[in-house]
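Asks: Residue numbers for the sequence shown follow the numbering used here, beginning at 1 and rising by one.
Mixed in with the good hints there might be a few duds.
As the list claims (entries may be wrong) - Each computed BS3-like pair below joins lysine-lysine, with the alpha-carbon atoms no more than 27 Å apart: (1) K19 - K31; (2) K19 - K56; (3) K4 - K56; (4) K34 - K11; (5) K11 - K31; (6) K6 - K19; (7) K30 - K19; (8) K56 - K11; (9) K31 - K6; (10) K34 - K4; (11) K31 - K56; (12) K30 - K4; (13) K30 - K11; (14) K4 - K19; (15) K19 - K34; (16) K56 - K34; (17) K31 - K4; (18) K34 - K6; (19) K6 - K30; (20) K56 - K6; (21) K30 - K56.
Claimed, not checked - So the derived label-pair ranges between C-beta atoms look like this: (22) K19 - A42: 14 to 20 Å; (23) E59 - P18: 27 to 33 Å; (24) I60 - P18: 26 to 32 Å; (25) T35 - I14: 17 to 23 Å; (26) T8 - N41: 17 to 23 Å; (27) V57 - R21: 28 to 34 Å; (28) I17 - I60: 28 to 34 Å.
Derived from the structure by calculation, the hints contain no laboratory data.
In this text, a Cβ means the ideal position worked out from N, Cα and C, and glycines have one as well.
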Amino acid sequence: MAEKLKITLVKSPIGAIPKQRATVEALGLKKLQKTVELPDNAAVRGMIQNVRHLVKVEEI
1 MAEKLKITLV KSPIGAIPKQ RATVEALGLK KLQKTVELPD NAAVRGMIQN VRHLVKVEEI
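The whole structure should be built from the sequences, with the hints applied where relevant.
Replies: Given below as structure tokens:
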């Protein structure tokens with residue numbers, strides 16, 4: 001596993017269910033095309049899995 005993950009919001013969560021919108025917000029993504037770097041752990045991987053259709057993930 002990589003040490004960090006680079007997560008970019010590529011699709012708007014407006015039409016998503018509220019739980020997915022909350023997950024995007026919890027990942028620290030507020031605007032389209034914004035990127036955050038988070039540690040690669042099971043909690044973050046689970047959050048990404050929940051909103052995988054809205055984000056793009058790269059291993060660093």
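Asks: Evaluate each hint against the coordinates.
Replies: Hints versus structure:
1. As the CA atoms of K19 and K31 are separated by approximately 17 Å, the hinted pair is consistent with the 27 Å bound.
2. In summary, the hint linking K19 to K56 is supported, as the alpha carbons are separated by about 19 Å, within the 27 Å threshold.
3. Taking the CA atoms of K4 and K56, the gap is about 14 Å. The hint holds against a cut of 27 Å.
4. With a C-alpha separation of about 11 Å, the suggested pairing of K34 with K11 holds against the 27 Å cut-off.
5. Between the alpha carbons of K11 and K31 the distance comes to roughly 10 Å, so the proposed pair stays at or under 27 Å and holds.
6. A C-alpha spacing of about 22 Å is found between K6 and K19, which places the hinted pair at or below 27 Å, so the restraint holds.
7. For the suggested pair K30 and K19, the alpha carbons sit about 15 Å apart, so the restraint of at most 27 Å is met.
8. Taking the CA atoms of K56 and K11, the gap is near 9 Å; set against the 27 Å cutoff, the hint holds.
9. Restraint check for K31 and K6: satisfied, since their Cα atoms lie roughly 15 Å apart, inside the 27 Å limit.
10. The hinted pair formed by K34 and K4 meets the criterion: a straight-line CA distance of about 16 Å does not exceed 27 Å.
11. For a cut-off of 27 Å, the pair hint linking K31 to K56 stands: about 14 Å separates their Cα positions.
12. A threshold of 27 Å between alpha carbons decides the hint, and for K30 with K4 the separation of about 20 Å falls inside it, so the pair holds.
13. Distance hint between K30 and K11 is fulfilled; the C-alpha atoms sit about 11 Å from each other, no more than 27 Å.
14. With a CA separation close to 24 Å, the supplied pair K4 and K19 stays within the 27 Å bound.
15. Of the pairs offered as hints, the one joining K19 and K34 holds, with about 20 Å between alpha carbons and a cut-off of 27 Å not exceeded.
16. Restraint check: the Cα-Cα separation between K56 and K34 comes to about 11 Å, which is no more than 27 Å; the hinted pair holds.
17. For the given pair, K31 sits about 21 Å from K4 by alpha-carbon distance, which is consistent with the 27 Å threshold.
18. Under the criterion of a C-alpha separation no larger than 27 Å, the hint pairing K34 with K6 is consistent with the structure, at around 10 Å.
19. A hinted pair counts as satisfied when its Cα atoms are at most 27 Å apart, and K6 with K30 qualifies at roughly 15 Å.
20. For a cut-off of 27 Å, the pair hint linking K56 to K6 stands: about 8 Å separates their Cα positions.
21. Restraint check for K30 and K56: the C-alpha separation of about 14 Å stays at or below 27 Å, so the hint holds.
22. With their beta carbons about 19 Å apart, K19 and A42 fall inside the hinted range of 14 to 20 Å.
23. The hint said 27 to 33 Å for the Cβ distance between E59 and P18, and at roughly 29 Å that hint holds.
24. A hinted range of 26 to 32 Å for the beta carbons of I60 and P18 is consistent with their spacing of about 30 Å.
25. Judged by the Cβ atoms, the range 17 to 23 Å given for T35 and I14 holds: they are separated by roughly 19 Å.
26. Our hint of 17 to 23 Å for T8 and N41 holds, since their Cβ atoms are close to 19 Å apart.
27. For V57 paired with R21, a C-beta distance near 18 Å fails the hint of 28 to 34 Å.
28. Checked against the hint of 28 to 34 Å, the C-beta distance between I17 and I60 comes to roughly 29 Å, which is consistent with it.
Of the hints listed earlier, the one the structure fails to meet is number 27.
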